[in-house]
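Chemist: For the record, the sequence lines run as chains A and B. When we follow the numbering used here, the leftmost residue of the first sequence carries the number 1, and every step to the right adds one. When we follow the numbering used here, the leftmost residue of the second sequence carries the number 1, and every step to the right adds one.
Please keep in mind that the hints were generated in silico from the structure rather than gathered at the bench. We put the CB at the ideal spot given by N, CA and C, even for glycine. Treat the hints with care, since some could be wrong.
Claimed, not checked - Simulated restraints on C-beta separations:
1. A:Ser-18 <-> B:Ser-80: 43 to 53 Å
2. A:Thr-116 <-> B:Ser-26: 27 to 37 Å
3. A:Ser-15 <-> B:Ile-60: 34 to 44 Å
4. A:His-85 <-> B:Ser-80: 27 to 37 Å
5. B:Arg-77 <-> A:Thr-57: 20 to 30 Å
Unchecked claim - Simulated pairs of lysine to aspartate or glutamate, EDC-like, Cα-Cα distance not exceeding 16 Å:
6. A:Lys-64 <-> A:Asp-88
7. A:Lys-55 <-> A:Asp-65
8. B:Lys-68 <-> B:Asp-85
9. A:Lys-41 <-> B:Asp-8
10. B:Lys-49 <-> A:Glu-106
What the hints assert, rightly or not - Some chain A residues well away from chain B (every beta-carbon gap over 10 Å; in silico):
11. Pro-8
12. Thr-49
13. Gly-53
14. Gly-61
15. Glu-63
16. Thr-75
17. His-85
18. Ile-93
19. Glu-106
20. Gly-110
The residues making up each chain are set out below.
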Amino acid sequence: GAVVSQHPSWVICKSGTSVKIECRSLDFQATTMFWYRQFPKQSLMLMATSNEGSKATYEQGVEKDKFLINHASLTLSTLTVTSAHPEDSSFYICSARDGGIGSYNEQFFGPGTRLTVL
Amino acid sequence: AQSVTQPDIHITVSEGASLELRCNYSYGATPYLFWYVQSPGQGLQLLLKYFSGDTLVQGIKGFEAEFKRSQSSFNLRKPSVHWSDAAEYFCAVGASQAGTALIFGKGTTLSVSS
Numbered sequence: 001g002a003v004v005s006q007h008p009s010w011v012i013c014k015s016g017t018s019v020k021i022e023c024r025s026l027d028f029q030a031t032t033m034f035w036y037r038q039f040p041k042q043s044l045m046l047m048a049t050s051n052e053g054s055k056a057t058y059e060q061g062v063e064k065d066k067f068l069i070n071h072a073s074l075t076l077s078t079l080t081v082t083s084a085h086p087e088d089s090s091f092y093i094c095s096a097r098d099g100g101i102g103s104y105n106e107q108f109f110g111p112g113t114r115l116t117v118l
Numbered sequence: 001a002q003s004v005t006q007p008d009i010h011i012t013v014s015e016g017a018s019l020e021l022r023c024n025y026s027y028g029a030t031p032y033l034f035w036y037v038q039s040p041g042q043g044l045q046l047l048l049k050y051f052s053g054d055t056l057v058q059g060i061k062g063f064e065a066e067f068k069r070s071q072s073s074f075n076l077r078k079p080s081v082h083w084s085d086a087a088e089y090f091c092a093v094g095a096s097q098a099g100t101a102l103i104f105g106k107g108t109t110l111s112v113s114s
């Protein structure tokens with residue numbers, strides 16, 4: 001089946017630094033990737049949608065200058081948390097849509113990245 | 001507004017007993033429905049999905065779900081729960097249109113007692 005990886009799986013950083021999280025589709029081309037955020041004991045909240053080769057579309061309330069998303073290729077999207085602060089600590093999960101499977105909107109999820117900002 | 005409601009925040013079931021997790025949705029278009037399971041600190045694993053056709057869908061690990069359009073529901077069931085089924089379960093709805101994200105419910109935590 002379609003596999004999505006994320007790197008790193010967990011990261012600890014100091015307040016004020018930037019952190020980059022990679023999301024890769026390993027065996028398919030992902031025309032669209034989604035970034036979700038999950039706080040402890042809560043559901044997944046969509047942060048942004050990124051389409052290969054174009055700017056990401058951010059959900060209301062998500063700061064695009066703080067959460068930089070790049071989808072430069074059909075197999076890689078990156079989320080950079082700039083000037084991270086403790087309130088950015090969360091579980092970040094990406095998903096990717098296989099553009100090769102007809103028109104159906106099936107998404108495959110990565111294993112998530114745990115970010116802790118000290 | 002589009003939304004997914006999972007009425008039960010936490011359910012405890014005895015091992016070997018049957019399970020039903022409820023999911024109701026509100027969606028303007030034809031919904032595509034999903035159930036995912038998440039173990040602590042892990043990503044999401046797809047249990048099953050409904051696109052069209054037979055309203056009773058079978059998934060992995062012995063799970064099944066039934067789509068009831070009249071009730072806007074997509075409840076997840078398992079006839080006999082195993083201790084390893086203890087996890088967080090999310091119901092999600094999406095559109096058929098490519099490039100649209102899924103909307104998730106708040107999740108139901110399943111505990112299994114021996």
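Chemist: Now look at each hint and say whether the structure bears it out.
Modeler: Consistency of the hints with the structure:
For A:Ser-18 and B:Ser-80, the hinted distance range of 43 to 53 Å is satisfied, since their beta carbons lie about 49 Å from each other. Between A:Thr-116 and B:Ser-26 the Cβ separation comes to about 35 Å, which falls inside the hinted range of 27 to 37 Å. Between A:Ser-15 and B:Ile-60 the Cβ separation comes to about 41 Å, which falls inside the hinted range of 34 to 44 Å. At about 46 Å, the CB distance of A:His-85 to B:Ser-80 disagrees with the hint of 27 to 37 Å.
Between B:Arg-77 and A:Thr-57 the Cβ separation comes to about 36 Å, which falls outside the hinted range of 20 to 30 Å. About 14 Å separates the Cα atoms of A:Lys-64 and A:Asp-88, which keeps this hinted pair within 16 Å; it holds. In summary, the hint linking A:Lys-55 to A:Asp-65 is supported, as the alpha carbons are separated by about 12 Å, within the 16 Å threshold. With a C-alpha separation of about 24 Å, the suggested pairing of B:Lys-68 with B:Asp-85 is violated against the 16 Å cut-off.
A hinted pair counts as satisfied when its Cα atoms are at most 16 Å apart, and A:Lys-41 with B:Asp-8 qualifies at roughly 14 Å. A distance of roughly 9 Å separates the Cα atoms of B:Lys-49 and A:Glu-106; the hinted pair therefore holds under the 16 Å criterion. Residue-level check passed: A:Pro-8 sits 14 Å from the nearest beta carbon of chain B, beyond 10 Å. Listed as a non-interface residue, A:Thr-49 fails to keep its Cβ farther than 10 Å from every Cβ of chain B; the least gap is roughly 6 Å.
For A:Gly-53, the condition that its CB be more than 10 Å from all CB atoms of chain B holds, with the nearest at approximately 13 Å. At roughly 15 Å from the closest C-beta of chain B, the C-beta of A:Gly-61 stays outside 10 Å, upholding its exclusion from the interface. With a least CB separation of 18 Å from chain B, A:Glu-63 remains clear of the 10 Å interface cut-off, as annotated. Every CB of chain B is more than 10 Å from the CB of A:Thr-75 (nearest about 17 Å), matching its label as outside the interface.
Every CB of chain B lies more than 10 Å from the CB of A:His-85, the least distance being 22 Å, so the non-interface label holds. Not every CB of chain B lies more than 10 Å from the CB of A:Ile-93, the least distance being 6 Å, so the non-interface label is violated. A Cβ of chain B approaches the Cβ of A:Glu-106 within 10 Å, the least distance being about 7 Å, so the stated non-interface status is violated. A beta-carbon of chain B comes within 10 Å of the beta-carbon of A:Gly-110; the shortest separation is about 6 Å.
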